[in-house]
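Q: Chain by chain, the residues:
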Amino acid sequence: MTLRSLRGRLERTLDAMALPEPLTVERLCASLSTTRQRPLTMLAMPLPSGGPCGLWVATGTADYIVYEATTSPTHRTHIVLHELAHVLLEHSSTKVLTDDATSALMPHLEPATVQRLMARTWFDEDAEREAEVAADILSKRIQRPLRGAGQAPPSEVADVVDRLRRSLERR
Amino acid sequence: MIAFFNVAYSLCALAGYATAVYKVRDLRRDPANPALIALTVARLFPALSFTFAIPAVYLAFDRLTGVDNLASLMVYVLMVANSVTAQVLLLLWSRPAATARAAVRWRLTGFGVVMAATVALFLAASHQGEHAIDFDVTFARQWSTAAFLVLYLTAFAVGLALSARMTWRFSRVVTQRWLRRGLVLNAVGAGLGLAYAAGKMVSIVARWLGSDALDLVNILWAPAIACVGAILIAVSSSLPAWAPDVEAAVVRWRRYRRLEPLWRAVRDAKPAVVLDPRTGRLDRWDPRRLDERLYRRVIEIRDGLLAARPGFSEPAAARARARAAAAGLPPEELAAVAEAARIAPALHLAPRWTAEPDGADPSAQAPEPPVADDADAEAEWLCRVAYALDRSPYVG
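Heads up: the protein sequence lines correspond to chains A and B, in order. Just so you know, we're using my numbering here: the first sequence kicks off at -17 and counts up by one. Just so you know, we're using my numbering here: the second sequence kicks off at -4 and counts up by one.
Simulated from the structure, these hints should not be mistaken for laboratory data. Incorrect hints may have been included.
Unchecked claim - Cβ pair distances, simulated, as ranges: (1) A/Asp144 <-> B/Arg58: 46 to 56 Å; (2) B/Ala115 <-> A/Pro4: 57 to 67 Å; (3) B/Ala367 <-> A/Pro30: 37 to 47 Å; (4) B/Arg100 <-> A/Ala12: 43 to 53 Å; (5) A/Arg(-9) <-> B/Val245: 25 to 35 Å; (6) A/Arg(-9) <-> B/Asp240: 55 to 65 Å; (7) A/Pro30 <-> B/His343: 32 to 42 Å.
For each residue, glycine too, the CB sits at the ideal point set by N, CA and C.
The following block holds chain A by itself, in its conformation from the complex:
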């Protein structure tokens, strides 16, 4: 499947999902936690180089998203979105990390309780490509914190400006 058609298919899938509006990472987490009826926890930590930069770890009772703490904010958001995409698309996978590696990464988890684990490494597997393309789509849809929000016009003219914008700009 080409990337373009994969993107089209995933856009339709995500459209059909009734994601929170407006979409933010926090609201997406909260909504997934509600529908899955189990807590979803985000953990930022420096991950060993050469390994995955994001993980979704599912135990019997909870979900954990682990993401690389030492990269740029936009990259961190992307990594989180990739893992959340695995959850959204209900990807399943066998454990790929040894119990030792799991306990090294997440010392407070009992390795035996880990039922599912997805790691963001490279995109050679179908599930990884899907999650990555879904993260691209979600990144376009999430509302980021406004940068340098323009100063608000005086209140008596705010209505006039609003009417001007509603007819001259494209909304």
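Got chain A; can you put chain B on it based on the hints?
A: Only chain B this time, still in chain A's reference frame:
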């Protein structure tokens, strides 16, 4: 001159129709927006007026109706209608629809009276012969035609004077850059419309005084100015809608190109970070996909840098920073130079010493790595690093 006006008036009409069609697309999304309805109609009237003024259409209309110069009546009545809709539009911009209603009704009644008077005055005199471009000066000394012209020019000028004044005032309070530019353009266009009305009036007065010295103002210069004004006004009402997208696309395209050297270096060092190694040529040029491609490029660079991190060199970063600072590079340029030097060894880049003494990217905007999740700032920052990596003599 006939050929000139065939072309010029067609362009004016086309600009108006195109704007009206553009606004109808917005209307489908927001059908109950009174100002948007008024704006669409306000762009349609001048377009219709210019259509009748095209000499070829003018003569064809006269032949069709069998009344010489009846097209002049159409041109002028439609211009009065334009003036009235412009005033209605200003009212609907300034006041909420509910409180604007009485004033709007008053304007429309006024238009009805003026239109009836113009038609009566026009029909009171006969206008023999074909005068597609020199109607005013030919018949200016007939009293009813003179009154017709004065009434028309006054009604037209009132609307444009109000429009120029109000859109200029609006432009002073809005903070959106392209909205402000659109309003200024509207004010300038309306100002040119006023210059047209003044030129017409002066040349008609000259005819009353028995002089044809200003005929060329009436026949050529005033209409040409009106043409430019009409096109400016047409453009002004869609500019705030499309210009920001065009501007953003240009910025994105330039960033995409500026990231190329860094992305190539990352790809060569860590080929696995590329999601789609065989991006099709056609896809590359699809402007609608530009933001997606830029975002992907940023993420791939970040993935690659993360994977290449063990090869980063803090001493190289410190060295480059010290060298650049000693060479007098401004402090805000140092961050990108240091970052480029830090990552260069990991990307197996040989030191590049270029003759160019300046490490600053002239088109750059972000001097520091972004501290919040801001995709634009992130792309801009990586552009700076890419530039320093490629060009700075202090890296390596």
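Q: Could you check the hint for me, namely that arginine 100 of chain B and alanine 12 of chain A are 43 to 53 Å apart, CB to CB?
A: holds (52 Å)
Q: Measuring from beta carbon to beta carbon, are alanine 115 of chain B and proline 4 of chain A in 57 to 67 Å?
A: holds (59 Å)
Q: Could one say that the CB atoms of arginine -9 of chain A and valine 245 of chain B fall in the range 25 to 35 Å?
A: Given about 31 Å between the Cβ atoms, the range holds.
Q: Starting from the hint 46 to 56 Å, judge whether the C-beta atoms of aspartate 144 of chain A and arginine 58 of chain B obey it.
A: With a Cβ separation near 49 Å, aspartate 144 of chain A and arginine 58 of chain B satisfy 46 to 56 Å, so the hint holds.
Q: Lying within 32 to 42 Å: is that true of the beta-carbon distance proline 30 of chain A to histidine 343 of chain B?
A: violated (22 Å)
Q: Arginine -9 of chain A and aspartate 240 of chain B, beta-carbon distance inside 55 to 65 Å?
A: Violated - the Cβ-Cβ distance for arginine -9 of chain A and aspartate 240 of chain B, about 27 Å, lies outside 55 to 65 Å.
Q: Taking the CB of alanine 367 of chain B and the CB of proline 30 of chain A, does the distance hold inside 37 to 47 Å?
A: violated (26 Å)
In summary, the structure is inconsistent with hints 3, 6, 7 from the numbered list given earlier, while agreeing with the others.
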